[in-house]
Structures are given as structure tokens and as C-alpha cells.
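Just so you know, the protein sequences line up as chains A and B, in that order.
Start counting the first sequence at 1; every next residue gets the next number (the numbering used here).
Start counting the second sequence at 719; every next residue gets the next number (the numbering used here).
Please note that the accuracy of each hint is not assured.
[Unchecked claim] Pair ranges (Cβ atoms, derived):
id, chain 1, residue 1, chain 2, residue 2, range
1, B, Glu895, A, Pro654, 55 to 61 angstroms
2, A, Pro373, B, Pro994, 36 to 42 angstroms
3, B, Tyr1042, A, His684, 34 to 40 angstroms
Hints in this document: simulated from the structure, not taken from any laboratory.
All C-beta atoms, glycine included, are put in the ideal place defined by N, C-alpha and C.
Protein chains: 2
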Amino acid sequence: MGHSRVIDLAATFLSQQCCPRGQCPIKLRSTLRAPLQPHTHTKELLAHTSLTKMAGTRTVNPDLRKERESSSFDPDKITNFLYGGPEIVKRKRELESLALNDPDYQHEDLNFLSNEQQYETQLKKGILMTKKIQKLNLTDAQDMMIYRSAVGGSDSPSFGLHVSMFLPTLYGQATQEQKDKWLKLAENYVIIGTYAQTEMGHGTFLRGLETTATYDPQTQEFVINTPTITAYKWWPGQLGKTSNYCVLMAQLYIHGKSYGPHPFMVQIRSLQDHKPLPGVIVGDIGPKFGYGPVDNGFLAFHNVRIPRENMLMKYSKVEPDGTYVKPPSTKLAYGTMVLIRANIVMNSGRALAKAVTIATRYSCVRRQSEMKPGQPEPQVLDYVTQQYKLFPYLAAAYAFWLTGQTMMSVYMTFSSQISKGDISVLPELHALSAGLKALTSWVANMGMEECRLACGGHGYSHASGLPRHYANQTPGATYEGENTVMMLQTARYLMKSYNQSLQGEKLAGSVAYLSSVQPVPAASRTRNMLDLGALCDAFRHRAARLVHEAAMQLRNERQAGKDQPDAWNATSVDLVKAAMAHSQYFVVKNFAERLTDSRLDSSISAVLTRLCQLHALHGLVTNSGDFLEDGYLTGTDVRQARRHINTLMAKLRPDAVALVDAFDFPDGILNSILGRYDGNVYQHLLEWAKASPLNKTDVHQSYHKYLKPFLEANRAKL
Amino acid sequence: MGHSRVIDLAATFLSQQCCPRGQCPIKLRSTLRAPLQPHTHTKELLAHTSLTKMAGTRTVNPDLRKERESSSFDPDKITNFLYGGPEIVKRKRELESLALNDPDYQHEDLNFLSNEQQYETQLKKGILMTKKIQKLNLTDAQDMMIYRSAVGGSDSPSFGLHVSMFLPTLYGQATQEQKDKWLKLAENYVIIGTYAQTEMGHGTFLRGLETTATYDPQTQEFVINTPTITAYKWWPGQLGKTSNYCVLMAQLYIHGKSYGPHPFMVQIRSLQDHKPLPGVIVGDIGPKFGYGPVDNGFLAFHNVRIPRENMLMKYSKVEPDGTYVKPPSTKLAYGTMVLIRANIVMNSGRALAKAVTIATRYSCVRRQSEMKPGQPEPQVLDYVTQQYKLFPYLAAAYAFWLTGQTMMSVYMTFSSQISKGDISVLPELHALSAGLKALTSWVANMGMEECRLACGGHGYSHASGLPRHYANQTPGATYEGENTVMMLQTARYLMKSYNQSLQGEKLAGSVAYLSSVQPVPAASRTRNMLDLGALCDAFRHRAARLVHEAAMQLRNERQAGKDQPDAWNATSVDLVKAAMAHSQYFVVKNFAERLTDSRLDSSISAVLTRLCQLHALHGLVTNSGDFLEDGYLTGTDVRQARRHINTLMAKLRPDAVALVDAFDFPDGILNSILGRYDGNVYQHLLEWAKASPLNKTDVHQSYHKYLKPFLEANRAKL
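If we strip away everything but chain A, and leave its shape as in the complex, we get:
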């Protein structure tokens, strides 16, 4: 899919692995700890502008102002915690201001435009952005990512696949000669490329790809073909109308023998007139949910010949005579996958945080119904049911944000080891990232829709920003590994680890706990259900039990006569459940651990602890059966947990707006009238509506064409 936003972030880090010899033009920096050096070329950057300062010049809705005045902490402190320090936050705000205040990027609301107009608008803006990035001399990957995202607003930045997949694949998989030939052209946008892997009939299962690249030793060329309709490349972003090159994944055939999927550099459109080259069929796949401005494309080949040198040969090679040279390891690609999935975790947290920001602010502006006779309509956020919709997702957004950072941090710790070819840590990281990608993208999906529904009627309007954010985020459940498939990958690792532990091996890393299954405590034991240690124990016990039970079920199915694949399939619902519990345990534990950071300002640790407690308790009561089934928790514990949730929500209520402000999304990125920082919702809703296409004239042209003759004929008949 057109997952350019997701992979955009990934590109920041991919580059390190791709260019170990320091040749990568994109400089790497960890998001986590490294302080940003002041740029020497920032004279064009605007002054540091925090949300508060920006709003200072405007009239803020009084309800929202009161919320901010009564919060228990300074949101900037949490912003610094979330982004890694005040210097990083300052730089982020500078770059965002630069993008969002640039009059050159202003255009009509994309929601008012047809898909075709949206494509054209974003293309124009993308070209402008590419030029400005050069002019501003933004070379730091993190800087570019922030700037590009801000220009993109609710949508993916243009040339997303070029930046995030095409270039990195060249860096990572091309030989030096190939780099010399193409990199300069690609980096300078003389050629624009995408990454064409998924086919109409083949997604998850790479080995099922049908596109063929058959080596012809006579001419030393590969002949590319699309043998069936299901072999059409389908979905790559920016493929339909924009790219003139692509990296194509195709089945390699030499002397009639198949060698599996390999990457090839293929020109698809003329550099003179942009027409598809002979034998190339290329186009847009049509409108879809989200990604309105992106030309996701299809691509087919009929006997298209490319030189032997166009196979990307850093790892596998084909000699002129057709001799195939195997790659040193097939598992290196795992590192990239881990990174991309860690980024999806981050992005799921961010996307959920955006939706929660919008719904929380609006719930303080919106007044509705009558709680007490004769009194004014209360703010919607004062209804406990509304808190119960939003606060657990507020907590989840924080939890996922911190999980994404940890995943990234773990990856960075091991990345030099991985890039040297020591991949011992990869299976663990791979399994962990798969489950967390699935968990966080699923929950973000559900939570964003819950936030939209919590905004009542106006949540359906594109003015709320929520439908667009949702439609652009939901593909995270499918791309880069369909979520159920992801959970089953995690489960496979859990089963393997569990069996190793049965055989006496000591497990390490995220599965270490499987070595020591806790006994079920006596039912009479009383627990403090607010204690984070006790909550982590409960999640650990649940995960360990569900892993154990899935393993037993798998064994039962085998003993009942099923072969391994059938037994696995028959157990798969339990396996997904176990992998989910494992992933949830990791998230809860990670959140609790991050709170022990000694650098944490004491004024914010109390409120963050409440969020962590709420996250754990809400996960516990919504899955209470898992904890009750073997008697680990009692009914009394669960009832206690429910009461604690109510108490926590009441305590979080006055800090809710400050907690979403701390995510530090400028209005230009939220793109939501309901979620405006200044809370001036209603007048802007009206202005927005008045500017929409049907209102260009008081009487729509269709009246003259259709309605008038109809009405007049009806009148004449009476």
C-alpha cells in the first residue's frame, strides 16, 4: 500500500544499516537521547513557537482556558519526556512552524477536492517541498522527516515511496557500480522510483509472487513478464502516474530453474515524455479508503527486456553465463522488518494520540444535555461514560508511544551487531516487533473510531479531521504484515521458546518469563490492584498461562492425529490470543519501567503513573476472563479494579487537556476544527462549511438542469 508515511520514519534509521561505510547522504540520529546540535543554516527558521505561545495571540475558548489553568503540571515537561528533551522539542517546533506557516504550501482543504485534484495538489506541493528542503539545506534525516510530515499534514508527504523505499533499497541492495549509475539520478529526482512487490493475487506470501524475470544468456538480459492477471503488481504508492522507475520484485528463472523472488531495477516510463515504455502496462488502481492523493498503481509487463546489470546484486548475483551466486544470509532482511514495525508501533501511538487530542479538547468545548435540572448543560467530558471512552485510549496512546521508543532503542542497541552479520538477537526482536505492530495498530484503529464516535454528529464531518486520520491510519493493520499473520509469527516464537524452556533451556529477553510460570496464589490473598508491580505480575501470569495452554492445545491436536500444519491451524485462535497477551504484557511492563527513569520530573510522574495504572487496569477488566479463568484473580479483585478505574478517571479529568496538549500536535497537523488548540469550534465549522464546493453558488447548477423542470412539471399537473 501507499505506506509512505510509515516508512518515511523508517528511512531515518534504515540508512544506517544500508550505508555502513558512511556514504549515505542521509545522516542518522537516534530520536531518543542524542541532543540536537544547533544548525548553522537556521536563519530562515522561525523562532521557537510552542503551542501555548501561538495561541497567546488568539482568544481561547473559556472552557478550554479553564482546563489549562487548572491542570496539575506544565505540559511542556511531558512533551520533553515524550520527544527526548527540550532541545529536540525546540527543533521540532521550529521545523513544524517553518512548514506550517509557509504560504507557498497553503491550498484548499483536500476534503473539498476530487481524488484527481488531491493528487495534483500534493504533487505540486511535493515538488515545492523537495526544492525547499534543498534550499534550506535540511540534510539530517530526522529534520527532513519532521519537515516532510508537517508539509503533508493529515496525509503522506509526496514522493514518499521514493524516499522511503526506492532510495533505501538502492543504498542497501545495489552494488557500488549500480550505485554509481543510479544514485545521483535518484537523489536528484531525475528518476523517480517506487517499490513494486505486492501483486493483485499475492500479498503476505512473498514466495507466491508470479511476475517472472527470466535470464537470457544469449543477450545477457532478463525478460520480465506478467504471466497472469493475478501477477499484476498492485498497490505500490506513487506507481500509477508519478514514477518512471521502480525496484521490481520478480521470480528469477535461469535455464528453466526458479531461484525465488529477487529485486530488479526497471524503467517503466520514458524520461522524454513520461509515456509507458513498450510492453509496460501501468496505471492507477482507483479510489480507496484513505490515501486520497496517492496514485497507488498497477503494473504489468509483456516481454520487457532489461540488462543483466539491472538485477540488484549486492547479495545474490547472476553471472553473464547464467551462474547463480547465493546470498551470504537470507535473514538480514529481518533487521529492516524489525525497524519498519517499530515505526508502525510509534505511528500507531501518534495516530491514536491525534484522535484522542481532538476528541478530548472537543469534549471540553461541547456542552450537552442536562445532568442536574435547571443547571447549564455540562461539558461532555464530565460524563463518566465519555471519560471511559477516551481516557483508556489516552493511556494507550502514551503506552504505545513509549513502546515504540523502546523498540527503536533496542533496535539501535543491536543494530551495529546486526549490520556486522551477527543476527543472534534478530528472531527475538522480530517476534516482538511483529506482535507489537499488530497489537498497537489494531488498538489504534479501534480507538480512533471510538474517538470519532465520541464526538457525536460532528465526528462524521471531515471538518473533525477524524475520518481522514482514521482512513489514513487503518492500513497499518494490513501493510508490512497482516496483523493476524504477525500475531502467528510471534506465537511461533513463543511456542519454540516455551518448548526450549520445557527442555531446561534458560530463556532470555522478552520471553524470559516463560521459564518460570508462577503458581496461582491462594484465593484468599488480597491485592492492591493499583500497585504497578502487582499489575505487571498479573499480565505476566496471564501471558505465561495462555502460552502454556496454547502449547498444550497444539500437543492435543497432534496427539489426536493431525499433522503439524493442521494442528497449528486448529490451534491458531488460541495462539493469537497468547501472542496478544504476550504483547500486552510487554507494553504494560515497559510503561511501568519508563516511570522508574530517575530523570523523570516529579511533577509529572504522578500523572503518568495514573495513566499507566489506568492502562493496565483497563486491559485487565476488558479481558477479565483471562485472569479469572484459572483463579489468578478473584471476582473481588476485578470489582476492585473497576472501582479504581473510576477513581483514576476522576483524578485524570482535570489534567486531560494538558495531557493531550503535551503530545504537541500543531493545528496544521491535526487538521481538525473540533480539535483546534483555541477551541473556537463552532464559528470555524460554519466558515469551513461555507467554503465547501456545493456552496459556491446559493442555487446549485443542478437546480436548473434537473430540479426546476421536475418541480415545474409537477406544478403544471396539479
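Got chain A sorted already, so can you dock chain B onto it with the hints?
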């Protein structure tokens, strides 16, 4: 909101209540049992065309053909069960064929068009449809509803609010003189109206409306005003550009005293040139999630004067001197609400059934991954995880379909009693319909998205039909009563009933079970978790316990010193949970009861029983904590339930396609390439994409405008 589809169905029934003296031009017929009389004017109707016969002339995808050949029953038998008999099904198919095969209604896929073009296309089609309905002499309400829905396809039929709200309000709330004045004009589309109630700042809480109608006894006029921006009418369908009249809900003021919201007949656009009348501000509210072709509108007034006779005065009256005459009862409106909500239950079932049909068929066509090394890629539906995504929602669609029928049937049973003013049964019906509306629309929302995600990448394409079906269905969670508010209404009735039962009153109807709370059985007791009686008992026990616990919690909050509103708010999460459990119990019990129908063909009762078992067991395991918390079920019971689900899914697998075929949705209503009856997905996906707007030229015009200069400048720089 533009909920015309929902209310369209309701209009069928509303008419009975509106026109007790047989003056209603729309004839009523129950959907449930009454056989259809053959029409005398059917020569223009096409011959009965079942799905099977239609597909007979086409090549059906071999996988799908095999599915159908191996099912255990004839899907037509279930179709007859679902729709109420073979005659009704025959008539339905005739009308659908008539609409779907009419070349006059053909147009470009709405997904290819801008909102403005969609509006224009549907307006044109709506005018045509209105003429054809006259020409075909379709006067039966059920016939019209079927025909109009088929013409609408995935979207609401045009003039939805006119037919479903404007006309019925005139029938129901106008005096005879008012009817004489306006009905003929409205029925013949000389005036086109909508129903303007919701305001920008006011939805759920009717008394909060701000629009004023101030009586001026001097001129015997009402002066209409929009005193604030939040008083703008907002959302009414067909208001923005189409309607020239509306029924306006406004606060009545006489001699400075407020009498609450009342309905007024207000002209808003000129009948000569369609321009807004002086003092009227009207327009479209802009693009939104779903309802692309509908001109949901805003409306404001500045000193607009209407004659006293324009207040709809069947119930309340204002005399010329300003004397206010109260209505006989304010509860009569409850009847209409029950009916509309019963229809939302029906429609939730239907919408979910559409999504399940699409995903199930596609899951048999789609082959993916490798289950066993060397073997062909299996049909996706053979993965147990895929079954676990779809089959519970297949079962829920059946359950909700039958619930909707029962609600309607109960309403019909009591409707003559209600229309005579005996409203004793209304509180019970009202509470039941509120909870069921919320439950079914929530589950349909979740289920439709689950179905979309179960279709992998192609689920995101508008070619799948799923994004559009979802966006058009999801407002059901908000309109006609926001779901959480609905659940709390049900909870209020449950609390009242529970307290009555504590005081020794014997309860009747859907809450009778609250009188007799079952004891928790001994833990050692073993259960057959497939027994429908035992499953109903479990759901009943859970509902009764949660009602009891919510009542205890409410009492505790009061005893802790909170006043009633604060105590209610503090308990509201538990109250929603209790109302949900009550509603789920009703659905499960109703499904089980419908299976005892002696007319049920034995060949289909086995498969329907499996669906009912699956529905109950899935509800049980996903809420297992509720059953375990007080020890009603044991961990062993829940584990047994999970195993039964696996077994039931394996048994349902060969019947899955037949079970969705039985819903009898023609392709023209599914509007889904993935869900085509013939399963020829891939070639049509390609054809559809090729026809999409960006592919009108091989090289898009934006290349010349933006991309070419960019590429050439970059090349020149190298």
C-alpha cells in the same frame, strides 16, 4: 444526519400510525407474515430472477461453484425464512430486478466522482425514480421501499428525508386544514421538504434547542430567529441545496414565556427561482464520512415571519390571541421512536450481512500463503483465524436480522393499542428498542470493519464496496439517539424495574427475569455448553447479576453522599454494562426461540442452530469474565465453550457461502467486486481500475504542469 435509508424503512410503518382513518396514500403491510398479493400492473416487471438463475448465464469462479455444490441445504429455504415466505421473496426479486436492470439508472461508479458530482448524479436519478414509481403505479409502501433501496444501491435513495420524515410529519402532526393545504403539493413534489431539528450545538437534548419561534399576536405570525451560531440547524439531509420547505423544530415563545420545542412548516427557498427567501441562510455542511451524494445542510433565520397557521397543530395549538393549548400526551412520540429504532436494528443486521457476504465470498476466491509445503495456496476461509473473524459476525447478522423482525412484530402487535392512546406498553418497548438499537449498531460497526480488514489489501479499495458500506452505516451509532445515551435509557428502565421487583411487584415482558435472580450453581456442576437452554440461562443470569450490581453501586454512591444525578453519573459505566448484557440476553433468547418455529424446514434448522450456538458461545467467551466473576461458569465451562466454537466453525465452513447467499443481496446492491456472486474478482478489479479517473490518459495532465519542468530542471543541474 442524512439517515434517509434508515427512516425510509420506518416510513413503511409510520404511515399506519399517522393516518388512522385510512387516508394515508401509502398502504401498509407487515414485513413479517402477510403474503403479497400479485399486482395487476406487473407487466412491466421482469420475471422472477433468483441470484442462482442470474449467475447461470455466467461463468462462476470454480472455487465458489464448489462451495455452493457442497452446501448442506438450499439457500432459498433460508431466504424464505429470513424474508417471510416465498411470495415475498419473489416480489422482492422482481422489484430489485426492475430497478437494477433498468438502463436509465446506470451511471459511473459514485466512487469515481467528486461529492458535487455524486449529488448531481443521485438527484438526477432520484427525479427519474420518482417518475418511474408513479408510472409503475407502485403504491404499496413495502414495494416502494424495496424499489427505492435497489435504485439507491450502496447509498440512500434521493428525496429520502422528504419521503421518510417530511411527509410522515405532515401526516402525523398536521391538522386536517393543514393537510388540505400542503399534502397534495408535497406528495406531488411541488414542494420538497426536510426535517430540521438538530442544531450545531444541540443534538441529543431536544430541550436544548435554541432556534426561536416567537408569537406576534399583532400580526398573528411567528417570528423565527437563530439567536446564536450554535443555534444553526445542522445536518438535516437534503436541506443544503434541494429542499424548498422544511418542518422546523423551534422553541415556542408566547408573551415572553417559553413552551418548549414545537414543529413549524417553513418555506426556505423561492418556488420561482429556488433562491433562499429573505432572512434565510441555507447551505451544505461540507464533505463528511459517508453520505457523499447527500446535501446535509445548515439553516439560520433572521426575523423570518410565518403565519400562525404554519405551526403544526394537531396536538399543541396556539390560538390567535396567543393562548397556548397543551397536547393530550407527550409520550405519543415514543411510538415513532420505537419504530425507528426497530428499523435501525433491522438495518444493522442487513448492513452487517452485506459486509459478511462480501468477505465470505472473497475469502473463498482468495488463495493465500502456504499451509502445507508444496501444496497449493489454500482458500483464505480455510484458515481458522479467518473463520473466527467472519463466522461470529455471520451469526450476529442472523441474530440481529431476527431481532429486528421480532421488534417490528411486537410493535405491530401493540400499535393499534398505542394509536388508540393506550401507551402502557410503551416504556417497556422504548427501553428495549433503545438498548437493541445501540447494541446492534455498535456490533455492526465493529463487524463491518472486521470484514473489511479480513479482505486484506483489497478491502481498502472502493472496489470492495466495504469502505462505502461502512461509512454509510456507521452513523447508525449516533443518529436517532447516541448509543451511550440509548444504553443509559435502557438502564434507567432496568433500575426502575429492579426496584419495583425488590418491592415485590411482579415484572412482565423483557424484564420479567429480574424478578427471579437465579442462585449461582455449585462449581462442580457440569454443563453442556452447546445446549441453547443452558446458554440462554447463562446470559439471563449475567444480565440479572449486572443489573443487581449496578443497582447496588448506585445505592452505594447515594449512601456515600452523592445526589442522584452525581450517583447516576458515577455508576454510568456499570449501568451501560448492565443494559448491554440485558440487550444481548434478548438477542440470544430471541434467536433460540425463533428456532422453535414449527414451520421451520428441518433441512435448515440444523445449520441455523449452529449459528445460534456460535452466536451465544462467542458472546460468552468474549465476555467470559462476566460469567466467571461470581462463579456462575467455571474455567472448565469456558474452555469447553472455546472448543465448541472451533467445532462449530468447522461444521459451518462448508455452508458459509450458502449462508451468505441466503441473505439474497443482488450484486447491484452489494456494489462490490470482491463480493460478486460469480466470484470473478480479479478481472473485474482490473477493469474497474482502468476506468477510474486518473487513468483517462496514460500520462496525467499534471505531468506537463508540474512533473516535467521539475524533472528537466533536475537533469539540467547534473
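Check your understanding: CB of Pro373(A) to CB of Pro994(B), is that within 36 to 42 angstroms?
Key -> 38 angstroms, holds
Tell me if the beta carbons of Tyr1042(B) and His684(A) are separated by a distance inside 34 to 40 angstroms. 39 angstroms, holds
- Would you say the C-beta atoms of Glu895(B) and Pro654(A) sit inside 55 to 61 angstroms of each other? Since Glu895(B) and Pro654(A) have Cβ atoms about 57 angstroms apart, the given range 55 to 61 angstroms holds.
In summary, this structure violates none of the numbered hints.
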